[in-house]
Amino acid sequence: SQQGEEDPQALSIQEGENATMNCSYKTSINNLQWYRQNSGRGLVHLILIRSNEREKHSGRLRVTLDTSKKSSSLLITASRAADTASYFCAPGYNTDKLIFGTGTRLQVFP
Amino acid sequence: EAGVTQFPSHSVIEKGQTVTLRCDPISGHDNLYWYRRVMGKEIKFLLHFVKESKQDESGMPNNRFLAERTGGTYSTLKVQPAELEDSGVYFCASSQSPAGPRVITDTQYFGPGTRLTVL
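Residue numbers (my numbering), protein chains in the order written: chain A, 1 to 110; chain B, 1001 to 1119.
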């Protein structure tokens, strides 16, 4: 299977804490993207990390990629209630279609 | 710049009926994609248009699903006849550059989805 698998399936934290989500995949990739879906809304692109990059930052987001372990992590620092959403990783291959896992449901309590 | 829009936002139909979903991509985006998420499962790719041509329809579940993109602008996805297992959220996405082998996948911008319920 080419899809990414997110871990954990669900995560609950308090505002201000950091949230870490992981993604594992099985075959070599060109890049990996993270998306967020708020309840009842569409997917929002968060960040794309290329296979030759190890770490990337965007605001409170930090993404790492370890191609030797075929894994990626998404860290959200100083979480807010508005970060409550489902988070998906999508490994990128030589194809245009995105292949998603079942996601991590993050709940941030005020 | 307007984002990807989808219509309707919700649709409730009975088994055996027909439903047509519409997607308007971001203006100027050649690539248009359909995905769907069945309850509790992962988001799955359905098909990919480049302009008006179907580039990849490997994810279409069966011949009850018909997608079109007339003139390379908006797209429709028709389900006829609908079955119970078709219930889910149907997402459309678009991206800018022409398709083809390349190292970097272009960012796909998603619409809010159409929630389809088949009773």
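No lab work stands behind these hints, which were simulated from the structure alone.
Possibly wrong hints are sitting among the right ones.
Claimed, not checked - No farther apart than 27 Å at their CA atoms in a straight line, the calculated lysine-lysine pairs in the BS3-like style are these:
(1) A:K56 <-> A:K69
(2) A:K26 <-> B:K1041
(3) B:K1054 <-> B:K1041
(4) B:K1015 <-> B:K1051
(5) A:K69 <-> B:K1044
(6) B:K1044 <-> A:K26
(7) A:K70 <-> B:K1078
Predicted model only: the values in this text are computed from it and were never measured.
Here's how the hints hold up against the structure:
Restraint check for K56 (chain A) and K69 (chain A): satisfied, since their Cα atoms lie roughly 17 Å apart, inside the 27 Å limit. With a CA separation close to 19 Å, the supplied pair K26 (chain A) and K1041 (chain B) stays within the 27 Å bound. In summary, the hint linking K1054 (chain B) to K1041 (chain B) is supported, as the alpha carbons are separated by about 25 Å, within the 27 Å threshold. Proximity of K1015 (chain B) to K1051 (chain B) is assessed by CA-CA distance (about 32 Å); at most 27 Å being required, the pair is judged violated.
Annotation: proposed proximity of K69 (chain A) to K1044 (chain B) holds, straight-line Cα distance about 25 Å (limit 27 Å). Restraint check for K1044 (chain B) and K26 (chain A): the C-alpha separation of about 17 Å stays at or below 27 Å, so the hint holds. Between K70 (chain A) and K1078 (chain B) the alpha-carbon distance is near 38 Å, which puts this suggested pair outside the 27 Å criterion.
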